[in-house]
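Novice: Protein chains in written order, with the numbering used here: chain W, 4 to 370; chain G, 180 to 489.
Read the hints as simulated data drawn from the structure, not as lab findings.
Glycine residues also receive a C-beta, built at the ideal position from the N, C-alpha and C atoms.
Mixed in with the good hints, there may be bad ones.
[Claimed, not checked] Every beta carbon over 10 Å from chain G, so not counted as near; a handful from chain W, in silico:
(1) A128
(2) I165
(3) A190
[To be verified] Result set (SDA-like, lysine to any residue): computed pairs, CA atoms no more than 25 Å apart in a straight line:
(4) K194(W) - A458(G)
(5) K194(W) - Y243(G)
(6) K297(G) - G408(G)
(7) K297(G) - S291(W)
(8) K297(G) - L444(G)
(9) K297(G) - T54(W)
(10) K297(G) - S446(G)
(11) K194(W) - S446(G)
(12) K297(G) - G56(W)
(13) K297(G) - T348(G)
(14) K194(W) - I300(G)
[Claimed, not checked] Pair ranges (Cβ atoms, derived):
(15) L250(G) - L227(W): 54 to 60 Å
(16) V469(G) - L132(W): 58 to 64 Å
(17) L363(W) - A329(G): 38 to 44 Å
(18) R365(G) - G329(W): 47 to 53 Å
(19) G329(W) - L250(G): 34 to 40 Å
(20) P316(W) - L312(G): 57 to 63 Å
(21) T334(W) - P442(G): 37 to 43 Å
(22) C31(W) - A329(G): 55 to 61 Å
(23) T334(W) - A483(G): 31 to 37 Å
(24) R242(W) - M367(G): 36 to 42 Å
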Amino acid sequence: MTASAPVALEPPPRTRVQRLGPSLIAWCEGQLPTALAVAVTLVLFGGFVATAGHNPLAVYAEMYRGAFGTWFSFQNSLLRAAPLMLTGLCTALPARLGLMIIGGEGALVVGGLAAAAAAAALRGAGPTLVIPAMMLSSMLAGGLWIGAAGALRALRGVNETIGSLLLSYIGIAVFNHLVEGPFRDPASLNKASTPPIGEANMLGNLPGIDVHVGLAFGVTGCLLCYALMDHTVFGFSARIVGGNPRAARLSGLGVPRLIIITCAIAGAAAGLAGMVEVAAIHGTANASLMAGYGYAGILVAFLARHNALAILPVALVLGGISASGGLLQRTFGLPDAAVNVLQGIAFVALLASETFRGQLRLSRSTR
Amino acid sequence: MDQAASTIGLWGIPLAVLGGALRVSAPFLFVSLGECITEKSGRVNLGLEGTLVMGAMSGYGVSYLTGSPWLGVLGAASVGALFGALHGYLCGRPRVNDIAVGIALMLFGVGLAFYLGKPLIQPTAPRLPALGLGDFSDVPQVRSALQVNALFLLGILLAPALRWTLRNTSWGLILRTVGESAEAARAMGYDVNRVRLWATLAGGALAGIGGSFLSLFYPGSYNEGLSSGQGLMAVALVIFARWDPVRCLYASLLFGGATALGPALQSVGITSGYYLFNAAPYALTLFIMVLSSSTQRSSTDQPAELVVAR
């Protein structure tokens, strides 16, 4: 472009399709680093199983079969996706404010404990009372836990990553103390557990499908959080804080309040995941709650780029990958940790791909 | 354990805590010293848990294959250095977040170790020899409590050596400059990313050694429940120790002692409440962070470039 180029020719009015084109291309360009990361992951993990003497394509095909290939395996994936959606929110929501919360595991555990405690306190009451009480108390406990990490950050400047990790460990210790001690069901001999919440209070299945109601909690939670963060003034303010905290303060936004509320909602989501695990899977709170859903939620949030709506498909895919672990073991004799290796590679590749963000172009005309 | 109570009575508790602290604190010590080096350069490696488990697995594997536990330690250090280098390299790229990469490498390292370690759960590999510091005593409890290992003594010597290096050598000065102000270091002509790469690599190597201690000395075998989060706690430990290697040593002994308190109390019949003791170090760390943090200023001890400090 030189100085003598003709100036300001009025562009012809664009049709709707033409107006859509550039934004579509820009959207695709935004997804390019993620696509690259997925491709690199598939190649790396393919090489990994190839060195173990397996055909990567056969492994991937079997993984698909184990995750989504049959109605049964699809339902299994949905079962695992439900808590991942909620723990994913625990990291994704604060991330919109520029905070990295990694204490989802602790919030899940205290949430599960609170649910079991609520059921024990309301012994004899009907499920119409007990189930809402379990939901509320688990969300309250998880919300308090991560909300505390947010409050320490907002009011005292304590780093929220380390703070939430420490609180998570403290939560797990309190859980162990209560489950092994004062709150232990004397009938649980081999594995210390709280008293069972009772068959009547267990979460039932969704109509027409062999998946419990917890999935609906997860989906509803993601939809609500998407609406909150992307379509309300609250969410807009939160995103300003994430983009430029100084500007947010100068424009009079109550930054501490935004941080504490968002963290509390995030923790409530993880706490609800604990309730789902207790009330739909285990029927009691015990060490099985610590299955790593909290840590996997961090991966879910990052893969979804902290978008609550994108968490839905990401949680399903990751739930599917973990559900396929058993089939890989039976078919190929691959250790069940193979799916963890795949998830680890995917996470590392995804973060590394951030370095290409804004550097990849589909066509030269877009910017 | 009834016998312990009968011969030395309640003295068994402090003795068991001391012995436990000596054995359990070594992995804490190595990961915290490693993390300390990394954080002094202004970067956080949250992935040391993965490095630790990889170190435990590879150390055990090498020891099993070669018959030499010391080669196992070396192998663990190499694997740890490799993980550290990967972290250091990735975080040197623009727009890559060091804390997130750490979490990713933690998941990857633990997964990979579990995958590759499956055949190592059964066989017995040669372990590191024990040094009996308590051999002067006739009481078997004293003897078993004071069994330490050369690697641990090495770690104890490493802590003051590291403090001295950081304070008095040009390497230490460069490392601290990079950690305090990347701009100043750049202006002096140092490649900030390269210094941090080396610092993370060294930190990873030490964490790998810490892992090999788990599998080759105490508990002394390989299984998937080997690490109880020592690697994850490294970051908190270093904050607790206010970024000083010698205080890392004290903090490791404290964390190790707190971990050993539960089993020690259990051996004299006190079975309840000890999970809360396990949480004590974490609560204490959080308390210290609350006291020393401020929204206005950051503490003078911590490297100014550290994300955790902001």
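Novice: Can you tell me whether the CB distance of L363(W) to A329(G) sits inside 38 to 44 Å?
Specialist: violated, 52 Å
Novice: Need the status of pair K194(W), I300(G): alpha-carbon distance at most 25 Å?
Specialist: Within the cut-off at roughly 23 Å; holds.
Novice: Quick one: are T334(W) and A483(G) within 31 to 37 Å, going by C-beta?
Specialist: Hint violated: Cβ distance 53 Å, outside 31 to 37 Å.
Novice: Please test the hint of 55 to 61 Å on the beta carbon pair from C31(W) and A329(G).
Specialist: About 58 Å separates the Cβ atoms of C31(W) and A329(G), which means 55 to 61 Å holds.
Novice: Taking C-beta pairs only, is I165(W) more than 10 Å away from all of chain G?
Specialist: I165(W) not clear of chain G: closest Cβ-Cβ about 6 Å, inside 10 Å.
Novice: Given the hint that K194(W) pairs with A458(G), test it: the Cα-Cα distance must not exceed 25 Å.
Specialist: holds, 21 Å
Novice: Could you check the hint for me, namely that V469(G) and L132(W) are 58 to 64 Å apart, CB to CB?
Specialist: This hint is violated: roughly 38 Å between Cβ atoms.
Novice: Looking at A190(W) again, its CB stays over 10 Å from all of chain G?
Specialist: holds, 18 Å
Novice: Starting from K297(G), check that the Cα of L444(G) is at most 25 Å away, please.
Specialist: violated, 34 Å
Novice: Need the status of pair K297(G), G408(G): alpha-carbon distance at most 25 Å?
Specialist: The hint holds at about 20 Å.
Novice: With the threshold set at 25 Å, check whether the alpha-carbon distance from K297(G) to T348(G) stays at or below it.
Specialist: This hinted pair is violated, its Cα atoms lying about 44 Å apart.
Novice: Would you check the hint for K297(G) and G56(W), treating anything up to 25 Å between C-alpha atoms as holding?
Specialist: holds, 16 Å
Checked against the numbered hints given earlier, this structure breaks hints 2, 5, 8, 10, 13, 16, 17, 23; the rest are met.
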